[in-house]
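Protein chains: 2
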Amino acid sequence: MNKTYVHGYQAREHERLHDQAGALVDLLHSDTAYPSGSKVLEVGCGVGAQTVTLARRSPEARFTSIDVSEDSIGKARQAVRLAGLANVAFHQANVFALPFESESFDHVFVCFVLEHLAQPLEALAILKTQLRPGGTITVIEGDHGSAYFHPHSAAAQAAIDCLVTLQRDAGGNALIGREIYPLLVEAGFDDVRVSPRVVYVDSSRPHLVDAFTIKTFTAMIEGIREPALARDLIDAETFDAGVRDLHRTTAPDGVFNYTFFKGVARKA
Amino acid sequence: MNKTYVHGYQAREHERLHDQAGALVDLLHSDTAYPSGSKVLEVGCGVGAQTVTLARRSPEARFTSIDVSEDSIGKARQAVRLAGLANVAFHQANVFALPFESESFDHVFVCFVLEHLAQPLEALAILKTQLRPGGTITVIEGDHGSAYFHPHSAAAQAAIDCLVTLQRDAGGNALIGREIYPLLVEAGFDDVRVSPRVVYVDSSRPHLVDAFTIKTFTAMIEGIREPALARDLIDAETFDAGVRDLHRTTAPDGVFNYTFFKGVARKA
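Those sequence lines, one after another, are chains A and B.
FYI, in the working numbering the residues of the first sequence are 1 to 268.
FYI, in the working numbering the residues of the second sequence are 1001 to 1268.
Just so you know, not all the hints are guaranteed correct.
Claimed, not checked - The following residues of chain A were derived to be distant from chain B, with all beta-carbon distances above 10 Å:
no., residue
1, Lys39
2, Glu70
3, Arg81
4, Arg132
5, Pro133
6, Glu179
7, Val185
8, Val192
9, Arg231
10, Ala236
11, Asp245
Stated by the list, open to error - Coverage of chain B stretches by chain A, computed from C-beta distances (three or more under 8 Å per stretch; other residues unrestricted):
no., segment
12, 1041–1053
13, 1137–1151
14, 1191–1202
15, 1250–1260
The hints are simulated quantities; they were obtained by calculation from the structure and are not laboratory data.
Bear in mind the structure is a predicted one, so any value in this text is a computation, not a measurement.
Think of the CB as a built atom: it goes at the ideal place given N, C-alpha and C, for glycine as much as any other residue.
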């Protein structure tokens, strides 16, 4: 195997991974586009995974992306630059202490953020003050209670429940997807419309088996082994059996389901 | 309130109920249509709820609808006649002892049947023999493990689990939706394609709150109270609290989710 071949292989591998990510990106973001000139606040941009998608899909909109982590913002800034995008400004900021004037934005976008907040309703109420009247908010969150699979496994379910417990104890809510509708309504938004986005994976969809079941969901569960055992939420044998059973759902006769929820609402 | 008003109200009520059923019909059947002249076997037609939809959507196809119950067939025949449809023939027959020649049909349609069978794989293999080469099979099933809701309720979950247990003890499988893909593959079908059909209900969708959450799902759970208590699967207090909590999901801030699975495959 010579170096040229390896590079060629890596390029194909990179393309494959990009395709895989593409399936989820379409599922979650294909119906989000902002008009030319509109000002969009992205809350909790992290390392910019969604930022690049947003900014590319709405090249004439102007994005302001914030995150609490200066380190993440550095990575997001680099990702946006590498993507050749120039319509994003970054700021280090906390959603509960925003540095912008009220009604500064036409749209707000929040993805995989509320699940980590102890006060998601208060966050939405603050974000509403940032929107001009008639502006929209878009919220996307997962719901770990939506995960089920074949073959069924009580051990896998117990391992997933550990993540739900750990996130709750950290002040978050891993089951928040199903609550997007009542949260947006209670925060005072109008025209609230929530839709489920199901990731259904069987072996006829090998991209999703790899990108979602293995590298997204199961990897996330594998990542909490240490804190789950340290907190005595589960014994090592059950946890490891659960992870094995999650991998078992990627066999030719396996099936895995997960649902994200996307809500869009308007400020009157 | 005079009689004319009451009739007017009832007509509107009838229309409303029809609209509600319509939402589910579209979700499950909108992508099923059979070509002119094709011969379609509908297995387990029951009282004809799906038969009317099928025959109306494919008026030039010829349907043969079977059920084990002569009584149900009588009702299905009446439903089809009332709908003004003439393209359905009914036969009392068991899927494991079909009276037709092999390769008699261009298409097979199976909806809410496999969940009740102890040998779903064998049933699919038999149905494959009824198809001409190149013909298709369509399978639709629910999955009670896909039900989750807000507010979350352990009692409601326990009541649902009673139904899963009762159905399993009766030889069926209330979680079969997620298994449609492996079952069709193992039965030897080609080009197996399964898609989830999510019923997402919040108070912005009052038709579904009434037609699905209350009158379909919760009513089904309420219907197993007696056998669940008789079999000591649950205590009355927990069961009744579970049913109350299912109704609680129909409040303005409640959310209810359920997923059906639809599989289509081809006989090589």
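Hint by hint, here is what the structure shows:
| no. | hint | result |
| --- | --- | --- |
| 1 | Lys39 | holds, 28 Å |
| 2 | Glu70 | holds, 35 Å |
| 3 | Arg81 | holds, 38 Å |
| 4 | Arg132 | holds, 24 Å |
| 5 | Pro133 | holds, 21 Å |
| 6 | Glu179 | violated, 5 Å |
| 7 | Val185 | violated, 7 Å |
| 8 | Val192 | violated, 6 Å |
| 9 | Arg231 | holds, 21 Å |
| 10 | Ala236 | holds, 26 Å |
| 11 | Asp245 | holds, 14 Å |
| 12 | 1041–1053 | violated (count 0) |
| 13 | 1137–1151 | holds (count 6) |
| 14 | 1191–1202 | holds (count 8) |
| 15 | 1250–1260 | holds (count 6) |
The structure shown violates the earlier hints numbered 6, 7, 8 and 12.
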